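As you go down the protein sequences, you meet chains A and B in turn.
For what it's worth, our numbering labels the leading residue of the first sequence as 10, then goes sequentially.
For what it's worth, our numbering labels the leading residue of the second sequence as 10, then goes sequentially.
Do not rely on the hints blindly, as some may be mistaken.
[Unchecked claim] Just some of the chain B residues that point at chain A, by a computed CB distance under 8 Å: (1) THR171; (2) ASN179; (3) GLY327; (4) ALA351; (5) ILE352.
[As the list claims (entries may be wrong)] In the DSBU-like style, the derived pairs of lysine-lysine whose C-alpha atoms are separated by at most 35 Å in a straight line are: (6) LYS302/B to LYS275/A; (7) LYS289/B to LYS275/A; (8) LYS126/A to LYS216/A; (9) LYS289/B to LYS68/A; (10) LYS267/A to LYS68/B; (11) LYS267/A to LYS302/B; (12) LYS216/B to LYS275/A; (13) LYS216/A to LYS216/B; (14) LYS68/B to LYS302/A; (15) LYS289/B to LYS275/B; (16) LYS288/B to LYS269/A; (17) LYS289/B to LYS289/A.
[Unchecked claim] Computed footprint of chain A on chain B; a stretch qualifies when at least three of its residues, placed anywhere within it, have a C-beta under 8 Å from a C-beta of chain A: (18) 25-38; (19) 132-138; (20) 298-311.
FYI, nobody ran anything at the bench for these hints, they're computed from the structure.
Keep in mind it's a predicted model, so treat the numbers as computed, not measured.
Note that the Cβ used here is the ideal one computed from N, Cα and C, for glycine as well.
Number of protein chains: 2
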Amino acid sequence: MEYRIIMIGCGTVGQGFLEILERKAEQLLDQYDFEPRIVAITDKLKGSVVAPEGLNISKILYRLKEGQRLNTYDGPKIKTEEFLDPLNLIEQVEAEILAELTYTNLKTGEPATSYIKKALRTGKHVVTSNKGPAALHYHELKELASVNHLQFRIEGTVMSGTPVFHLVENGLAGNDIREIKGILNGTTNFILTKMENDQMEYEEALKLAQELGYAEADPTADVEGFDAVAKAVILANVLMGGKIKPEEVKRQGISALKRKDILEAKEAGQRFKLIARIKKDGSRIEVSVSPEKIPISDPLAGVMGVQNALTFETDLMGEITIQGAGAGRIETGFSILSDILAISRTRSKTKN
Amino acid sequence: MEYRIIMIGCGTVGQGFLEILERKAEQLLDQYDFEPRIVAITDKLKGSVVAPEGLNISKILYRLKEGQRLNTYDGPKIKTEEFLDPLNLIEQVEAEILAELTYTNLKTGEPATSYIKKALRTGKHVVTSNKGPAALHYHELKELASVNHLQFRIEGTVMSGTPVFHLVENGLAGNDIREIKGILNGTTNFILTKMENDQMEYEEALKLAQELGYAEADPTADVEGFDAVAKAVILANVLMGGKIKPEEVKRQGISALKRKDILEAKEAGQRFKLIARIKKDGSRIEVSVSPEKIPISDPLAGVMGVQNALTFETDLMGEITIQGAGAGRIETGFSILSDILAISRTRSKTKN
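Could you put together the complete structure from these sequences and hints?
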């Protein structure tokens, strides 16, 4: 079945998604009867193009790799511009799906939230890896999707394409989740790993993380726990029905940890990890992000480097842990495909 | 939506399943619009009862706990017998789903395979945690289900209710799986854990496992790797399209391992695990079960005691590891519920 997709934003994640579509076109058609048609892309930095018949993905990727703007696209199209306004585009271009791939804004969730609302109001499913709308406006957007018989899917907001929401929605359906705890930030986990394994001080490990591209020039969002807080809030609200705001989360980063602390913990058979913890106690949900000394036997203790992991404590299945990539161009691009395939599974069944 | 379910076999798994239904009735109806109706149970040791209006699950569980036979059931019913023939029962009782819960036979897959075929030929979906039919006849049964527009689901055959097949089917759709490796037998993992942590010799650890009910009086199926082989074959055939037979698997158990070997590995930063490994190389699939020394940094190395875990090596997502229970009354009972809920998701979408 054919799916017309609008992409708002075409940065790292968007390009990862397009690369997967290029590489996997045949397999997706064969195995899932899935035929994506990218009908429009608009990106402030990279230009805009509208092509209801579908863009030639190889041509688009070629342009992006050469640093050319999308408005120089020379395949069949009806419009190119330096920058087409996303709200107009979403309203005017016919499509089944909006892939919202703009930047994360954890203060207001904008402009992504407005794009998502526009799509849901004009009959389009929405998939996104953007943490802003999911952390700040999940219930409102989910409700808007629901009344319009549409889906709002967010697999990539936590642990990139590692199937966290898919796992709970399908494989764990029927379980009550009592607690979720996890390592949700690869940068800080990399730093802690280096402090333990290579006996670095915090500053040295941070510098290495920056050199390797794991940490940004201003590392605050990672090392002070804001990124993990956003993900913990999403888990609390999506999987436990919480109504938590990021500012309500008890938060402590890793910047005050010393090599000495790490090595003392190790001596005692423990390991420091930046743990996001969401605990349900009756109708009360408590969320925290802080460095915790966990026993070396805990499945989360073995998660080293930039890997992420989550443990779900459930009533029927006890503890279930999933470990995988927490970031990455292809990995987050896959989350977009994964959510679109989930929509296609529902839709093709409806039409059978 | 109401689902009429026939249960063939009512041992540990069947009772775990019934306990979950009793405990979760309200939640299943509220959250999933799912209303199970057990219309017949037949078990050689426990008796048989047929009740098209649905059995009172609390009454059934009470009888089972008191060691009474099911044919003494005093709720509304149309028939009770010392033992009703499963094939006749499946043919004659109207139902949407067969829960096949008889004993595992890794030589022929019988009698379970015949029950499953009968159900698929008479219009019933099949869910089972029985390794026999899945290890020996998966493709034949899947094909029979498919031509009859029915599902044949086997979540509980590997890692009990820990969602292995759900994970791949939904969350990892679109990935090629290049290799699967895992710890699929809790008994042997418990023994290896005790040999390392408590410095026991193999015989001593085995005796403890037997005392705790993890190992049987004749422990061959576990300690010589046959149980793990069956699960590895299922993974190879279901998830990689293999046509592997159990006798084609390279198999080595743990009974020849000495405490000395375990401790020497530990000194070298490694850990012995009984690893099931399924590797795809072009169209060739190689399956092995053997003790391997894996680096302590491998996610599988941290899996201790009776826990199980699997790592999927994929083309898009790299390595994804899931860890959870590998056995248990409630955990395997949940696998049956989980597969039935999966069927109900498809079905309710079709009818929307």
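Hints, verified against the model:
Because the beta carbon of THR171/B sits about 6 Å from the nearest beta carbon in chain A, less than 8 Å, this interface hint is met. For ASN179/B, the suggested interface contact is upheld, since its CB lies about 5 Å from the closest CB of chain A, less than 8 Å. Satisfaction of the interface hint for GLY327/B is found here, the shortest Cβ-Cβ separation to chain A being roughly 5 Å, below the 8 Å cut-off. This hint holds: ALA351/B has a C-beta 7 Å from the nearest C-beta of chain A, less than the 8 Å allowed.
At about 12 Å, the closest approach between the beta carbon of ILE352/B and any beta carbon in chain A exceeds 8 Å, and the interface hint on this residue is violated. As the CA atoms of LYS302/B and LYS275/A are separated by approximately 23 Å, the hinted pair is consistent with the 35 Å bound. Simply put, LYS289/B and LYS275/A have alpha-carbon atoms about 38 Å apart, too far for the 35 Å limit, and the pair is violated. Using a Cα cut-off of 35 Å, the hinted pair LYS126/A and LYS216/A is violated, with the two alpha carbons roughly 40 Å apart.
Among the hinted pairs, LYS289/B with LYS68/A is consistent with the structure: their alpha-carbon atoms are about 33 Å apart, no more than 35 Å. A C-alpha spacing of about 60 Å is found between LYS267/A and LYS68/B, which places the hinted pair above 35 Å, so the restraint is violated. Using a Cα cut-off of 35 Å, the hinted pair LYS267/A and LYS302/B holds, with the two alpha carbons roughly 33 Å apart. A distance of roughly 33 Å separates the Cα atoms of LYS216/B and LYS275/A; the hinted pair therefore holds under the 35 Å criterion.
A C-alpha spacing of about 52 Å is found between LYS216/A and LYS216/B, which places the hinted pair above 35 Å, so the restraint is violated. Distance hint between LYS68/B and LYS302/A is unfulfilled; the C-alpha atoms sit about 47 Å from each other, more than 35 Å. Restraint check: the Cα-Cα separation between LYS289/B and LYS275/B comes to about 30 Å, which is no more than 35 Å; the hinted pair holds. The suggested pairing of LYS288/B with LYS269/A is violated, with an alpha-carbon distance near 43 Å, which exceeds 35 Å.
A threshold of 35 Å between alpha carbons decides the hint, and for LYS289/B with LYS289/A the separation of about 42 Å lies outside it, so the pair is violated. Given a C-beta distance limit of less than 8 Å, the hint that chain A covers the stretch 25-38 of chain B holds, as 4 residues qualify and 3 suffice. Counting residues of the stretch 132-138 of chain B whose CB lies closer than 8 Å to any CB of chain A gives 0, so the stated coverage by that chain is violated, three being the minimum. Figure legend: the stretch 298-311 of chain B, annotated as covered by chain A; annotation consistent (4 residues with Cβ-Cβ distances under 8 Å, at least 3 required).
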